[in-house]
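As numbered in the working numbering, residues 1 to 363 make up the sequence shown, in order.
Since the hints were derived computationally from the structure, they do not count as laboratory data.
It cannot be assumed that every hint is accurate.
When the alpha-carbon atoms are kept at most 35 angstroms apart in a straight line, the in silico DSBU-like pairs for lysine-lysine are as follows [to be verified]:
no., residue 1, residue 2
1, Lys88, Lys357
2, Lys319, Lys123
3, Lys357, Lys80
4, Lys123, Lys88
5, Lys123, Lys80
6, Lys357, Lys319
7, Lys123, Lys357
8, Lys80, Lys363
9, Lys319, Lys80
10, Lys319, Lys88
11, Lys319, Lys363
Label-pair restraints from in silico Cβ distances [said to hold, decoys possible]:
no., residue 1, residue 2, range
12, Ala336, Val96, 27 to 33 angstroms
13, Ile128, Val233, 30 to 36 angstroms
14, Val233, Ala190, 21 to 27 angstroms
15, Met189, Leu155, 55 to 61 angstroms
16, Leu348, His157, 39 to 45 angstroms
17, Val297, Pro130, 30 to 36 angstroms
18, Ile128, Ala241, 39 to 45 angstroms
19, Arg89, Ala141, 17 to 23 angstroms
20, Leu255, Ala344, 36 to 42 angstroms
21, Ala344, Pro130, 27 to 33 angstroms
22, Tyr169, Leu147, 23 to 29 angstroms
23, Ile128, Leu255, 24 to 30 angstroms
The beta carbon of each residue, even a glycine, is placed where N, CA and C say it ideally should be.
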Amino acid sequence: MVANETSRVQSIDVLRTLALLCVLSIHSLRAAIAQVNGQDLSGLTGNQIAASCAIGLSTLGVPLFLMISGYLLLDRDYTKERTLTFFKRNLLPLVVSYEIFDLALAMVQYIGAGGVTVADYVKSALFIGPAPMGHLWYMQAIVGAYLLVPLLALLLHAVRERGLEPYAYAVLACLFVCYSVLPSVNQIMALQGNAFRVVSALDMFGITEPRFLLYMVFGYMVRQGFGMRTAPVAVYAGMVAALAVLCVSAAWSNLHADGFQSSLAFTPVVLGGCMLFLAVVRALRGRRIPNALYRPVRSVAVCSYGMYVLHYPIVLFMKYAPLPVHGWALYACIMAVAFIISYAVVWLASRYPLAAKWLFLMK
Numbered sequence: 001m002v003a004n005e006t007s008r009v010q011s012i013d014v015l016r017t018l019a020l021l022c023v024l025s026i027h028s029l030r031a032a033i034a035q036v037n038g039q040d041l042s043g044l045t046g047n048q049i050a051a052s053c054a055i056g057l058s059t060l061g062v063p064l065f066l067m068i069s070g071y072l073l074l075d076r077d078y079t080k081e082r083t084l085t086f087f088k089r090n091l092l093p094l095v096v097s098y099e100i101f102d103l104a105l106a107m108v109q110y111i112g113a114g115g116v117t118v119a120d121y122v123k124s125a126l127f128i129g130p131a132p133m134g135h136l137w138y139m140q141a142i143v144g145a146y147l148l149v150p151l152l153a154l155l156l157h158a159v160r161e162r163g164l165e166p167y168a169y170a171v172l173a174c175l176f177v178c179y180s181v182l183p184s185v186n187q188i189m190a191l192q193g194n195a196f197r198v199v200s201a202l203d204m205f206g207i208t209e210p211r212f213l214l215y216m217v218f219g220y221m222v223r224q225g226f227g228m229r230t231a232p233v234a235v236y237a238g239m240v241a242a243l244a245v246l247c248v249s250a251a252w253s254n255l256h257a258d259g260f261q262s263s264l265a266f267t268p269v270v271l272g273g274c275m276l277f278l279a280v281v282r283a284l285r286g287r288r289i290p291n292a293l294y295r296p297v298r299s300v301a302v303c304s305y306g307m308y309v310l311h312y313p314i315v316l317f318m319k320y321a322p323l324p325v326h327g328w329a330l331y332a333c334i335m336a337v338a339f340i341i342s343y344a345v346v347w348l349a350s351r352y353p354l355a356a357k358w359l360f361l362m363k
């Protein structure tokens, strides 16, 4: 049901736990903000800068999850047989899990807030429409990414075998500029009323979401040793600098708009997520975390997928509950309740092998 400790990568379990906490944090923060006073950050905390920094850092959850996928999945030799095995063991359970939760949450949404029609559900089930609850968008996206994993892995393998890394880095740099730097500059300029239209050449071919694959490629690069020879102090300093830029960007954005609405392609998010990922892998390379500290981290990491799926309905319930707390206490209360309940449900359900495999993808 769950792999033994020696077969797991400790740094990846740490990153998976961090990613989950970031996701819980961003949703809990936004729920607390909405409960207090719309999108007024000062109403949440009395300290707008602190709230902005917390929101900015909490956006790193999905990038970390994507880099973890690239780290684990792209360093494989996908022959025809292994590709079919990958689809059977990884993609099929993900699709089954999504369809079950898509139906269940559509029913919850229909009974609760309403507004979900049969047509809406059918579109989401066929991956041609938004899911009934917003957080399921990631499951839809990762299904598409998984379909491309074997092809991307073969491409990366060919690049490595033929010594084409310099050209690959040049292509990545161009994609980074087109899909991250230019849109980010446009977003910042828009806050000052000076937005300009940025059109990527790749958009003409319908390739509008390369950011998912770029994060996965970076995870693969770290797996191949990228940054491992860099002095630790340089890696950690780079991480601190990148996260500081993210916090400053979030605070500055909130001072010029109603709320920090970053995308996965926002350059400070990209740099902050990549440097955090690299720093954690670099710090734990060749080291072992003491069992007393690692066991709870591993347990949360194993349950992370199920907790991701289940936490959001809990957060929505807490969002409208008449809680006798405010500010940071309200945020902490929502996050703690969502964490505890989702973890408990996943842990209990995992006692049943079918639930562990097909619902919560526990390995």
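Hints, verified against the model:
1. Between Lys88 and Lys357, the direct Cα distance comes to roughly 12 angstroms. Compliance with the 35 angstroms bound is thereby established for this hinted pair.
2. Taken as a hint, the Lys319 and Lys123 pair is honoured in the structure, with Cα atoms around 27 angstroms apart against an allowance of 35 angstroms.
3. Among the hinted pairs, Lys357 with Lys80 is consistent with the structure: their alpha-carbon atoms are about 24 angstroms apart, no more than 35 angstroms.
4. For the hint linking Lys123 to Lys88, the alpha-carbon distance of about 24 angstroms falls within 35 angstroms, and the restraint holds.
5. Of the supplied pair hints, the one linking Lys123 and Lys80 holds, its CA atoms being roughly 31 angstroms apart against a limit of 35 angstroms.
6. Distance restraint check for Lys357 and Lys319: the Cα-Cα separation of roughly 31 angstroms lies within the 35 angstroms cut-off, and the hinted pair is therefore satisfied.
7. For the suggested pair Lys123 and Lys357, the alpha carbons sit about 25 angstroms apart, so the restraint of at most 35 angstroms is met.
8. Annotation: proposed proximity of Lys80 to Lys363 holds, straight-line Cα distance about 23 angstroms (limit 35 angstroms).
9. Straight-line distance between C-alpha atoms of Lys319 and Lys80 comes to about 48 angstroms, which puts the hinted pair past the 35 angstroms bound.
10. Among the hinted pairs, Lys319 with Lys88 is inconsistent with the structure: their alpha-carbon atoms are about 38 angstroms apart, more than 35 angstroms.
11. Restraint check for Lys319 and Lys363: satisfied, since their Cα atoms lie roughly 32 angstroms apart, inside the 35 angstroms limit.
12. As the Cβ distance of Ala336 to Val96 is approximately 31 angstroms, the hint placing it in 27 to 33 angstroms holds.
13. Taking 30 to 36 angstroms as the suggested C-beta distance range, the pair Ile128 and Val233 does not conform, at roughly 49 angstroms.
14. Checking the proposed 21 to 27 angstroms range against Val233 and Ala190 shows it is violated: the Cβ atoms sit about 37 angstroms from each other.
15. Our hint of 55 to 61 angstroms for Met189 and Leu155 is violated, since their Cβ atoms are close to 35 angstroms apart.
16. Roughly 41 angstroms separates the CB atoms of Leu348 and His157, a value that falls within the hinted 39 to 45 angstroms.
17. Checked against the hint of 30 to 36 angstroms, the pair Val297 and Pro130 passes, with Cβ atoms roughly 33 angstroms apart.
18. At roughly 41 angstroms, the beta carbons of Ile128 and Ala241 sit within the given window of 39 to 45 angstroms.
19. The hinted window of 17 to 23 angstroms between Arg89 and Ala141 holds, with their beta carbons roughly 20 angstroms apart.
20. The given range of 36 to 42 angstroms is respected by Leu255 and Ala344, whose C-beta atoms sit roughly 40 angstroms from each other.
21. At about 29 angstroms, the beta-carbon gap between Ala344 and Pro130 stays in the expected band of 27 to 33 angstroms.
22. Restraint check, Tyr169 to Leu147: a C-beta distance of roughly 26 angstroms satisfies the suggested window 23 to 29 angstroms.
23. Taken as a hint, the range 24 to 30 angstroms is violated for the pair Ile128 and Leu255, whose Cβ atoms sit roughly 39 angstroms apart.
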